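Using the sequences provided together with the hints, build the complete structure.
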Amino acid sequence: MAASKTAQIRAVTTRIISQLQDGYLAGTPNAKANIAAFRRQANRHLGESPETWAVFSESLPADLVGKGENPSPAEKAIFTALTLYAVHQQSKTEPMHVPSQPPESGTFTAENGLGTAVRKMATITDTELFDSSLYRRFVSIVQSQTFEATVHHLRSMIQLLRTESIPLDYGLLAKDLYRFQFPDSKKSVQLSWARQLYRTESPTE
Numbered sequence: 007m008a009a010s011k012t013a014q015i016r017a018v019t020t021r022i023i024s025q026l027q028d029g030y031l032a033g034t035p036n037a038k039a040n041i042a043a044f045r046r047q048a049n050r051h052l053g054e055s056p057e058t059w060a061v062f063s064e065s066l067p068a069d070l071v072g073k074g075e076n077p078s079p080a081e082k083a084i085f086t087a088l089t090l091y092a093v094h095q096q097s098k099t100e101p102m103h104v105p106s107q108p109p110e111s112g113t114f115t116a117e118n119g120l121g122t123a124v125r126k127m128a129t130i131t132d133t134e135l136f137d138s139s140l141y142r143r144f145v146s147i148v149q150s151q152t153f154e155a156t157v158h159h160l161r162s163m164i165q166l167l168r169t170e171s172i173p174l175d176y177g178l179l180a181k182d183l184y185r186f187q188f189p190d191s192k193k194s195v196q197l198s199w200a201r202q203l204y205r206t207e208s209p210t211e
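In my numbering, the protein residues as written are 7 to 211.
Read the hints as simulated data drawn from the structure, not as lab findings. Small disclaimer: the values here were computed from a predicted structure and weren't measured. Among the clues, some could well be false.
Straight line, CA to CA, 25 Å or less: simulated DSS-like cross-link-like pairs of lysine-lysine [claimed, not checked]:
| no. | residue 1 | residue 2 |
| --- | --- | --- |
| 1 | K98 | K73 |
| 2 | K38 | K98 |
| 3 | K73 | K192 |
| 4 | K192 | K126 |
| 5 | K126 | K193 |
| 6 | K11 | K192 |
| 7 | K193 | K11 |
Take a look at the structure:
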């Protein structure tokens with residue numbers, strides 16, 4: 007799988023959501039309407055979402071757009087990330103999309119991904135992580151056999167993160183969702199999420 011495509015998916019998603027988020031937090035009516043539209047599409051197929059077509063389609067490079075009757079894997083990943091972000095940001099006055107920070111020299115810094123967010127939530131809520139419904143929800147996401155099941159379980163997790171105002175890097179999530187659709191790279195995503203969950207910052211070996 008070309009690294010350039012996954013990087014492009016991450017960059018495009020980050021750009022779209024950052025623009026929406028900046029407008030939403032500034033109280034811009036158009037941005038608020040667009041985020042509400044994406045939130046309403048959280049359970050729906052891309053083709054059933056005319057309210058979001060303009061924002062979504064105008065922002066995608068041609069090589070990420072599907073050619074057949076069904077959305078391309080890139081379209082599915084980006085659209086899903088946008089709808090989940092819209093659920094996450096609802097009624098929040100702080101940003102729920104927070105891009106990962108590059109690691110400092112000599113340290114390991116976990117990306118602001120799904121596993122990192124779940125670990126933060128366990129800490130904030132003083133939850134015994136590995137014997138909790140939170141952990142079981144995380145495992146359900148990781149072990150999902152279909153993209154649709156992954157999104158279903160993710161939506162429930164996002165609602166929990168929203169309750170505690172724990173942000174995600176949605177560009178990274180879109181990249182992960184794209185790679186999750188392919189058997190070879192799905193294992194790498196699962197490993198990445200597990201590392202984020204289990205590992206805290208420590209000196210680089």
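Quick rundown of the hints versus the structure:
With a C-alpha separation of about 37 Å, the suggested pairing of K98 with K73 is violated against the 25 Å cut-off. Only pairs whose Cα atoms come within 25 Å are accepted, and K38 paired with K98 is accepted, the gap being roughly 12 Å. Taking the CA atoms of K73 and K192, the gap is about 23 Å. The hint holds against a cut of 25 Å. Among the hinted pairs, K192 with K126 is consistent with the structure: their alpha-carbon atoms are about 24 Å apart, no more than 25 Å.
Taking the CA atoms of K126 and K193, the gap is about 23 Å. The hint holds against a cut of 25 Å. Proximity of K11 to K192 is assessed by CA-CA distance (about 16 Å); at most 25 Å being required, the pair is judged to hold. Proximity of K193 to K11 is assessed by CA-CA distance (about 18 Å); at most 25 Å being required, the pair is judged to hold.
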